[in-house]
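Keeping their order, the protein sequence lines are chains A and B. Counting in the numbering used here, the first sequence runs from 1 upward without gaps. Counting in the numbering used here, the second sequence runs from 1 upward without gaps.
Hints are computed from structural coordinates only; laboratory data are not their basis. This list has only true hints and no planted wrong ones.
Where chain A lies over chain B, by a calculated footprint (3+ residues, C-beta under 8 Å):
no.	stretch
1	105–116
2	138–145
3	149–163
4	191–200
Here a beta-carbon is modelled for each residue, glycine too, at the ideal position from N, C-alpha and C.
Listed below are the residues making up each chain.
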Amino acid sequence: MIEVDDVTHVYGEQATARTVLRDVSVRLSEPRVGVIGANGSGKSTFVRLLNGLVLPTAGSVRVDGLSTADDGREVRRRVGFCFTDPDAQIVMPTVAEDVAFGLRRRKLPRPEVDARVADALTAYGLAGHADHPAHLLSGGQKQLLALASVLVTEPDLLVMDEPTTLLDLRNARHIADVVATLPQQVVLVTHHLELLDGFDRVLVFDEARLVCDDSPEAAIGYYRKLMA
Amino acid sequence: MNALGLYVPGHSVVHRLPAGAKLLLLLLVGAGSVLLDSWWQVAGLLVLVLGGYPLAGLSLRTALGQVRPLVWIAGFAAVVHVVVSGWERAGVVLGVLASLVLLAALVTLTTRATAMVDAIVTGCRPLRVLGVDPERIGLVLTLGIRCVPVVVGLAEEVREAQQARGLGASPRAFAVPLIVRSLRHADALGEALVARGVED
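Could you put together the complete structure from these sequences and hints?
Take a look at the structure:
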């Protein structure tokens, strides 16, 4: 359960201040929530609120009752975050090491880490690449690796910020298929509107405001009219 | 990507040696190399180090690949030493240089980055009394290793963008966008580290 109450967020100060979110209040408990909107509409900032990467200038954000401002550490344990550019997200030089990286702070015994890493690599079709340097993977494989590295920590909520923007159609479809089978709640920001088929709810952002909150068909229709 | 001296998977004796032991050996050989002053000692060291390659299941061609980038520096050093101190001294200096680079490369090729970083973190533990966080040192090293191919990729993009716009090879037109992109990448990486719980 995600609770966003009266959130306003401002970047910069005084002369350069720019309000990127204005009076956003929303409760999200559906398993699949989509977020769409124009570039610069505030949707990336909105999802960064959900794991405390961005703390609201005013208002509060709670995940499972935990405030992102006061319990950031606990929130980030529960919320996995997948970025647009996997190169920025992959921090270790080889594939298996990157998946193991997220487990470091769990202080698990070595055999358990190895087993979990092997399971994650198999699940996302990367088993043959365990010892390969991450930079030699294709774009689609890199995004799968980024996803595997997040999911190996078993988050309750997965937030994805345009995970398919840099991918071709086949890889985008593949990521979408993987996401469709996940047991956890997913909040997905995307410009690939067809990825939202089967979603429970879609939010549309425009000029820092949440302007539409509806079923995928209705929200996408609203967004198309907005952009026309 | 052996040019970057990255890990080659394997199960040889050399692979199975603890990373800390390998790093310590490298340190000792490096420090001890200043004591070598005759060509046969250096030749012995070179043979020993080269022997480590087949032992690790690596070809001598891989070994050659590790020292190839040295050619220009080594050539320059050779000329200087031949002029200043003669043939034998030049041979000693070059032999030591090649041996150390080969040994360092052998350690890198047979040791996972994680194992190496863990060993360094363990080795840095006594520095805790000085307020140093060994885990942080390990993370910095790892990110450094990871960022080499990323920055190489950014440099290629910048070069392509320049060519696409028909710009010549101006160093400034290359450096400025590369630095801007690298800084932007650093921001994104920082965000990802926080999201993955590094600061927690």
